[in-house]
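Novice: Top to bottom, those sequences are chains F and Z. Under my numbering, the letters of the first sequence match residues 1 to 168, in that order. Under my numbering, the letters of the second sequence match residues 1 to 114, in that order.
Derived from the structure by calculation, the hints contain no laboratory data. Possibly wrong hints are sitting among the right ones.
[As the list claims (entries may be wrong)] Quick list of the computed label-pair ranges, beta carbon to beta carbon:
| hint | chain 1 | residue 1 | chain 2 | residue 2 | range |
| --- | --- | --- | --- | --- | --- |
| 1 | F | C104 | Z | G91 | 53 to 61 Å |
| 2 | Z | A8 | F | E151 | 13 to 21 Å |
| 3 | Z | R26 | F | D153 | 22 to 30 Å |
[Claimed, not checked] If you only want the chain Z side, here are some residues facing chain F, beta carbon under 8 Å, derived:
| hint | residue |
| --- | --- |
| 4 | A8 |
| 5 | F13 |
| 6 | L20 |
| 7 | A40 |
| 8 | D45 |
| 9 | T49 |
| 10 | L60 |
| 11 | V69 |
| 12 | G87 |
| 13 | D106 |
| 14 | N110 |
The C-beta atom is built at its ideal place from N, Cα and C for all residues, glycine as well.
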Amino acid sequence: MRLSTSRGAPDTQLICYDAPMGDTGGRGAVVTSLASLASLVAALSCCLPLGTLLLAAGSAGASLLVEKLRPWLLALSVALVVFAFVQTYFSNKCAFRYRRLRTCLLWFSAVVVLGMIAVPQYFSALLAGRLPVFTSHAPLRDFNLPEFTREFDASLAQTRLVILLSPT
Amino acid sequence: MLHRNPHANLKVFVIWEPVLATDWGRPGPAQTAYVPDPRAEHFWDPASTLSAQLGGPAKLEALASTRKVAFRMKNIIWDTALVYPPGAHWGDPATLLIAPLVKFRDDLANGLTP
Numbered sequence: 001m002r003l004s005t006s007r008g009a010p011d012t013q014l015i016c017y018d019a020p021m022g023d024t025g026g027r028g029a030v031v032t033s034l035a036s037l038a039s040l041v042a043a044l045s046c047c048l049p050l051g052t053l054l055l056a057a058g059s060a061g062a063s064l065l066v067e068k069l070r071p072w073l074l075a076l077s078v079a080l081v082v083f084a085f086v087q088t089y090f091s092n093k094c095a096f097r098y099r100r101l102r103t104c105l106l107w108f109s110a111v112v113v114l115g116m117i118a119v120p121q122y123f124s125a126l127l128a129g130r131l132p133v134f135t136s137h138a139p140l141r142d143f144n145l146p147e148f149t150r151e152f153d154a155s156l157a158q159t160r161l162v163i164l165l166s167p168t
Numbered sequence: 001m002l003h004r005n006p007h008a009n010l011k012v013f014v015i016w017e018p019v020l021a022t023d024w025g026r027p028g029p030a031q032t033a034y035v036p037d038p039r040a041e042h043f044w045d046p047a048s049t050l051s052a053q054l055g056g057p058a059k060l061e062a063l064a065s066t067r068k069v070a071f072r073m074k075n076i077i078w079d080t081a082l083v084y085p086p087g088a089h090w091g092d093p094a095t096l097l098i099a100p101l102v103k104f105r106d107d108l109a110n111g112l113t114p
């Protein structure tokens, strides 16, 4: 990068940054896409079965933190994807060598972010390595308290385990 | 923890309920795959009826004789497991309550061991 100054009219001074074409735009878009994915991974960490990522972190405190941050992280993901789109399609400063990688990352990020927002259960199932169509193990019934109570008391001879979970 | 106790005489009730911002809509068919045990029954509770019936997070202390809770719930009881011994009716206290499952899964597995 070269900084140069030039004088036009006597009372005008121009300062120009002579940067290579696309230096900022191309890298910026790639970094933005990666940052979007990173924030998405953080937002998804509650979705993996039994919190795979949280196990890696090894802390329930982190779980609480991520859960609280989840809407913000998703919003950040959307904002970063939008920013990457603007960088890619409305800013003509992108170097050609970054274009293919940037575009792939951008569309991948956009699909994952939108999918996570629109159909979070399917995305969490896919990330867990389970194809939704083939892995239904039992029917998912609508909860009805009297029916539940009846079934609970009907299995009096057994140990009963009641688990309350969020789908995502 | 269930496949660590394959022969335990268990009945498992899994209640899925909307808690997080991304929990909109009824879960897909793959949801039951998260707890694939044949002893499990799966329910979708969109109004968090069971949580309310249990008294909500404010009443956790009364729900079980032994409790291990490592996070603060707002309005809904979730990421929680309750173990009821044979002979207990609905409304009796559980012997063990854990939340979240990930943190106390070993305690839960031990609690299920006959």
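Novice: Does each hint fit the structure? Answer for all of them.
Specialist: Hint check results:
1. C104/F with G91/Z: 53 to 61 Å: holds (57 Å)
2. A8/Z with E151/F: 13 to 21 Å: holds (18 Å)
3. R26/Z with D153/F: 22 to 30 Å: With a Cβ separation near 27 Å, R26/Z and D153/F satisfy 22 to 30 Å, so the hint holds.
4. A8: holds (7 Å)
5. F13: holds (5 Å)
6. L20: holds (5 Å)
7. A40: holds (6 Å)
8. D45: Because about 4 Å separates D45/Z from the closest Cβ in chain F, which is inside the 8 Å limit, the hint holds.
9. T49: holds (6 Å)
10. L60: violated (12 Å)
11. V69: violated (10 Å)
12. G87: holds (6 Å)
13. D106: violated (12 Å)
14. N110: violated (13 Å)
Hint check: violations occur at hints 10, 11, 13, 14; the rest are consistent with the structure.
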